[in-house]
Structures are given as structure tokens and as C-alpha cells.
Amino acid sequence: MSLFSLKKNRKNITLIGACIIVASVVDAATIIGVSSVTLTDSQKSNTGNLVALWSTSGKGRQRVKYDNGLKVTATAIRVQKNWFDKELKSMATTATSWSSWSSYFDLTEINVGYYAKIEGTTVAMSKAEFEVVSNKQYIIIQHET
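Residue 151 in our numbering sits at position 119 of the sequence shown, and the numbers go up by one each step.
There are no misleading hints in this set.
Using 27 Å as the maximum straight-line C-alpha spacing, the simulated DSSO-like pairs for lysine-lysine come out as follows:
1. K168 x K121
2. K168 x K118
3. K97 x K76
4. K91 x K168
5. K91 x K118
Source of the hints: derived by calculation from the structure; they are not laboratory data.
Generate the whole structure from the sequences, applying the supplied hints.
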């Protein structure tokens with residue numbers, strides 16, 4: 033084997049190794065959005081912004097925070113055209129710091145919207161978040177010279 037042949041093989045091995053690294057980095061789900069809602073001391077309930085999930089299913093998780101120690105309940109809700117809103121999952125707290133994120137739960141319907149709702153007493157001040165993640169994976173290709 034000549035020295036030229038050995039150098040040529042090294043370049044091929046390096047190129048193959050670089051392609052493998054790029055392929056392993058790009059495989060991840062995408063956060064579509066977070067529905068955030070705040071409950072003031074003059075409200076008994078409030079709803080957050082709408083997050084749409086189009087042409088793919090996904091998963092969601094939620095968390096809640098209460099500012100003055102009374103019990104509040106946060107609910108993740110699905111909204112669909114020409115149909116009733118559907119409650120998916122609820123969680124309650126009396127904690128004054130953010131709860132841990134709930135476990136992910138499946139969002140199986142496509143072409144629908146999701147939002148967070150929070151309920152408490154008229155003296156309750158709190159916040160809730162409902163994160164929507166797409167099951168569709170996106171590939172980003174980067175080229176370096």
C-alpha cells in the first residue's frame with residue numbers, strides 16, 4: 033500500500049465520522065408553544081393564549097403556581113372547530129412556587145388548538161402554563177467549509 037493510498041483512506045474515514053455526528057444531533061421534537069395564564073385577585077377563572085397543533089400529533093405537560101397560599105386548579109384543554117372544548121388533565125396546588133412540570137401526556141388529535149385554564153377563589157392570585165410539543169421532527173442541515 034502506498035503512502036498516497038493511505039492518506040486518501042484517512043480522508044474518507046474523517047468524512048464518514050463527521051456525517052455520523054451530524055445525523056445523531058438533529059433528531060429532536062419541537063416545542064410548538066406555551067399557553068400561559070394569570071389569575072388576578074378579582075377573577076375566579078381565566079384562560080390562556082391558544083396554541084395550535086397542525087398536521088401532527090404531539091404531547092403536552094403543565095405546571096401551576098399560587099401566589100398567596102389558597103388552592104387553585106389548572107386545566108389543560110383542547111379546542112376543536114364545531115365541537116365542545118375538552119378537559120385533558122388538571123392539577124391543583126397551594127404552593128407559592130412553581131410546581132414541577134407534570135409528566136408528558138399524549139395529544140392525539142391533529143388540527144386542533146390547546147390552552148390552559150386556571151380557577152380559584154376571588155382572592156386567588158396564580159399562574160399556569162401548558163406546553164405543547166410536536167411529534168414531528170425537523171432536520172436542520174448545516175454546511176461548513
